[in-house]
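What follows is the residue order along each chain.
2 protein chains.
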Amino acid sequence: MIKLNFEKTNGLIPAIVQDYKTSDVLMLAYMNQDAWEATLSSGNATYYSRSRQNLWVKGETSGNLQRVKEIRIDCDHDTVLLKVKQIGEAACHTGHRSCFHKKIDNGSITVVGKPLFDPKEVYKK
Amino acid sequence: MIKLNFEKTNGLIPAIVQDYKTSDVLMLAYMNQDAWEATLSSGNATYYSRSRQNLWVKGETSGNLQRVKEIRIDCDHDTVLLKVKQIGEAACHTGHRSCFHKKIDNGSITVVGKPLFDPKEVYKK
Chain A
1 MIKLNFEKTN
11 GLIPAIVQDY
21 KTSDVLMLAY
31 MNQDAWEATL
41 SSGNATYYSR
51 SRQNLWVKGE
61 TSGNLQRVKE
71 IRIDCDHDTV
81 LLKVKQIGEA
91 ACHTGHRSCF
101 HKKIDNGSIT
111 VVGKPLFDPK
121 EVYKK
Chain B
1001 MIKLNFEKTN
1011 GLIPAIVQDY
1021 KTSDVLMLAY
1031 MNQDAWEATL
1041 SSGNATYYSR
1051 SRQNLWVKGE
1061 TSGNLQRVKE
1071 IRIDCDHDTV
1081 LLKVKQIGEA
1091 ACHTGHRSCF
1101 HKKIDNGSIT
1111 VVGKPLFDPK
1121 EVYKK
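As given, the protein sequences belong to chains A and B, one line each in that order. Quick note on numbering: the first sequence equals residues 1 to 125 in my numbering. Quick note on numbering: the second sequence equals residues 1001 to 1125 in my numbering.
Be careful, since some hints might not be right.
Straight-line C-alpha distance at most 16 Å; calculated EDC-like pairs for lysine to aspartate or glutamate [unchecked claim]:
1. A:LYS21 with A:GLU70
2. A:LYS3 with A:GLU37
3. B:LYS1103 with A:GLU70
4. B:LYS1003 with B:ASP1105
5. A:LYS8 with A:GLU89
6. A:LYS103 with B:ASP1034
7. A:LYS83 with B:GLU1070
8. A:LYS114 with A:GLU89
9. B:LYS1021 with B:GLU1070
10. B:LYS1003 with A:ASP34
11. B:LYS1003 with B:ASP1034
12. B:LYS1083 with A:ASP105
13. A:LYS85 with A:GLU70
14. A:LYS69 with A:ASP105
15. A:LYS69 with B:ASP1105
16. A:LYS21 with B:ASP1034
17. B:LYS1103 with A:ASP118
18. B:LYS1003 with B:ASP1076
19. A:LYS83 with B:ASP1118
20. A:LYS83 with A:ASP34
21. B:LYS1069 with A:GLU70
22. A:LYS3 with A:ASP24
23. A:LYS85 with A:ASP19
24. B:LYS1085 with B:ASP1024
25. B:LYS1083 with B:ASP1019
26. B:LYS1083 with A:ASP24
27. A:LYS103 with B:ASP1076
28. B:LYS1008 with B:ASP1078
29. A:LYS103 with A:ASP24
30. A:LYS103 with B:ASP1078
31. B:LYS1021 with A:ASP24
32. B:LYS1103 with A:ASP76
33. A:LYS3 with B:ASP1024
34. A:LYS21 with A:GLU89
Stretch-level coverage of chain B by chain A, calculated; a stretch enters the list once three of its residues show a Cβ under 8 Å from a Cβ in chain A [said to hold, decoys possible]:
35. 1015 to 1024
36. 1054 to 1067
37. 1093 to 1103
Don't read these hints as lab results, they were simulated from the structure. Bear in mind the structure is a predicted one, so any value in this text is a computation, not a measurement. Ideal Cβ positions, reconstructed from N, Cα and C, are used throughout, including at glycine.
Same shape as in the complex, but just chain A (with noise of 0.2 Å):
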C-alpha cells in the first residue's frame, strides 16, 4: 500500500478529479486512509464526505459513478490526482458537467454550459 501524508491535513487529503479524455476537471473531493484503500481496491472512485461524515462512492445515489483509470500523486503525497470515466456524464450534484462551472470575468461570475440533468429528479429531493 502506497503511504499518503494524511498527518499533514488532519486525515484528509484532497482529490482532484479529471475526465481521463478531455483532461477537464470535473471536481475536487477529500479522501481519508479508508476512501483511499476503497478506491484502489474497487476502481470506484471513494471520497470522505466531509458534510455526511461518513464514507462515499461518488454516484451512489445518482448512479453516476467514477471509474478510475489513472491514479496520480503528487511530489509530497499530500494530494490524489485521479483521471476517471464519469458515468452518466456529469459530475456536479447541479447537473453540470464540471463543478468548476463558474467562471470569473471582470469581478463577476459567468456561468459556462448547461445542466445535463434536473438534480431534482435525480436525487429526489
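With the hints as your guide, set chain B onto chain A.
Chain B alone, transformed into the frame defined by chain A:
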C-alpha cells in the same frame, strides 16, 4: 469582490492549477483571502504557504511565475481552479513540469517524465 467560502476549511481553500493550453494539472496549493485578492489584482498566481505561513507569489524564488489566464470556482465556492501560463515550463520544485509526476501502477510508483531543471541550481540550496 466574489466571496469564497474560507470558513469551511479554517481560512484556506485548495486551488487546482491547470495548464491553460494542455489542461494538464500542474499542482495544488492553498489560498487565504489575501492570496485570492492578490491573484485577482496582480494576475500572478499567489498562494498561502502552509510551511512558511506567509503569502507566496508562485515563482518569486525560481522566476517561474504563473500568469493567470482563466479563473473558475466550484459550485459551492470552496475550491478555485486556475488556468495558467507556467513561465519557465516547470511548476514543481523538483524540476518536473507537474507535481503530479508520480503514477500509481499496480501498487507501486512510476515517475512520469524527467525534471526540466536542476532544483539545486534554481533554489541554491
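Quick rundown of the hints versus the structure:
1. Between the alpha carbons of LYS21 (chain A) and GLU70 (chain A) the distance comes to roughly 11 Å, so the proposed pair stays at or under 16 Å and holds.
2. Restraint check for LYS3 (chain A) and GLU37 (chain A): the C-alpha separation of about 10 Å stays at or below 16 Å, so the hint holds.
3. As the CA atoms of LYS1103 (chain B) and GLU70 (chain A) are separated by approximately 8 Å, the hinted pair is consistent with the 16 Å bound.
4. Between LYS1003 (chain B) and ASP1105 (chain B) the CA atoms are separated by roughly 40 Å; this puts the pair beyond 16 Å, and the hint is violated.
5. Between LYS8 (chain A) and GLU89 (chain A) the CA atoms are separated by roughly 33 Å; this puts the pair beyond 16 Å, and the hint is violated.
6. Distance restraint check for LYS103 (chain A) and ASP1034 (chain B): the Cα-Cα separation of roughly 20 Å exceeds the 16 Å cut-off, and the hinted pair is therefore not satisfied.
7. The suggested pairing of LYS83 (chain A) with GLU1070 (chain B) is violated, with an alpha-carbon distance near 22 Å, which exceeds 16 Å.
8. The straight-line distance between the Cα atoms of LYS114 (chain A) and GLU89 (chain A) is roughly 12 Å, inside the 16 Å bound, and the hint therefore holds.
9. In summary, the hint linking LYS1021 (chain B) to GLU1070 (chain B) is supported, as the alpha carbons are separated by about 11 Å, within the 16 Å threshold.
10. For the suggested pair LYS1003 (chain B) and ASP34 (chain A), the alpha carbons sit about 33 Å apart, so the restraint of at most 16 Å is broken.
11. The hinted pair formed by LYS1003 (chain B) and ASP1034 (chain B) meets the criterion: a straight-line CA distance of about 12 Å does not exceed 16 Å.
12. For the suggested pair LYS1083 (chain B) and ASP105 (chain A), the alpha carbons sit about 13 Å apart, so the restraint of at most 16 Å is met.
13. For the given pair, LYS85 (chain A) sits about 10 Å from GLU70 (chain A) by alpha-carbon distance, which is consistent with the 16 Å threshold.
14. Restraint check for LYS69 (chain A) and ASP105 (chain A): the C-alpha separation of about 33 Å exceeds 16 Å, so the hint is violated.
15. Between LYS69 (chain A) and ASP1105 (chain B) the CA atoms are separated by roughly 11 Å; this keeps the pair inside 16 Å, and the hint holds.
16. The hinted pair formed by LYS21 (chain A) and ASP1034 (chain B) fails the criterion: a straight-line CA distance of about 35 Å is larger than 16 Å.
17. Annotation: proposed proximity of LYS1103 (chain B) to ASP118 (chain A) is violated, straight-line Cα distance about 36 Å (limit 16 Å).
18. About 11 Å separates the Cα atoms of LYS1003 (chain B) and ASP1076 (chain B), which keeps this hinted pair within 16 Å; it holds.
19. Restraint check for LYS83 (chain A) and ASP1118 (chain B): the C-alpha separation of about 29 Å exceeds 16 Å, so the hint is violated.
20. For the given pair, LYS83 (chain A) sits about 19 Å from ASP34 (chain A) by alpha-carbon distance, which is inconsistent with the 16 Å threshold.
21. The hinted pair formed by LYS1069 (chain B) and GLU70 (chain A) fails the criterion: a straight-line CA distance of about 27 Å is larger than 16 Å.
22. A distance of roughly 27 Å separates the Cα atoms of LYS3 (chain A) and ASP24 (chain A); the hinted pair therefore is violated under the 16 Å criterion.
23. The hinted pair formed by LYS85 (chain A) and ASP19 (chain A) meets the criterion: a straight-line CA distance of about 6 Å does not exceed 16 Å.
24. For the hint pairing LYS1085 (chain B) with ASP1024 (chain B), the CA-to-CA distance comes to about 11 Å; that is within 16 Å, so the pair holds.
25. Restraint check for LYS1083 (chain B) and ASP1019 (chain B): the C-alpha separation of about 6 Å stays at or below 16 Å, so the hint holds.
26. Of the supplied pair hints, the one linking LYS1083 (chain B) and ASP24 (chain A) holds, its CA atoms being roughly 11 Å apart against a limit of 16 Å.
27. At most 16 Å may separate the alpha-carbon atoms for a hinted pair to count; LYS103 (chain A) and ASP1076 (chain B) meet this at roughly 13 Å.
28. Distance restraint check for LYS1008 (chain B) and ASP1078 (chain B): the Cα-Cα separation of roughly 8 Å lies within the 16 Å cut-off, and the hinted pair is therefore satisfied.
29. The suggested pairing of LYS103 (chain A) with ASP24 (chain A) holds, with an alpha-carbon distance near 14 Å, which does not exceed 16 Å.
30. Proposed proximity of LYS103 (chain A) and ASP1078 (chain B) is supported: the alpha carbons are some 14 Å apart, at most 16 Å.
31. For the hint pairing LYS1021 (chain B) with ASP24 (chain A), the CA-to-CA distance comes to about 12 Å; that is within 16 Å, so the pair holds.
32. A C-alpha spacing of about 13 Å is found between LYS1103 (chain B) and ASP76 (chain A), which places the hinted pair at or below 16 Å, so the restraint holds.
33. The hinted pair formed by LYS3 (chain A) and ASP1024 (chain B) fails the criterion: a straight-line CA distance of about 24 Å is larger than 16 Å.
34. At most 16 Å may separate the alpha-carbon atoms for a hinted pair to count; LYS21 (chain A) and GLU89 (chain A) meet this at roughly 12 Å.
35. A stretch counts as covered by a chain when three or more of its residues have a beta carbon under 8 Å from one of that chain; for the region 1015 to 1024 of chain B and chain A the count is 5, and the coverage holds.
36. For the region 1054 to 1067 of chain B, the stated coverage by chain A is violated: 0 residues have a C-beta nearer than 8 Å to a C-beta of that chain, whereas at least 3 were required.
37. For a cut-off of 8 Å, the count of residues in the region 1093 to 1103 of chain B with a CB near a CB of chain A stands at 8, and the three-residue condition holds.
In this structure, the hints that do not hold are numbers 4, 5, 6, 7, 10, 14, 16, 17, 19, 20, 21, 22, 33 and 36, in rising order.
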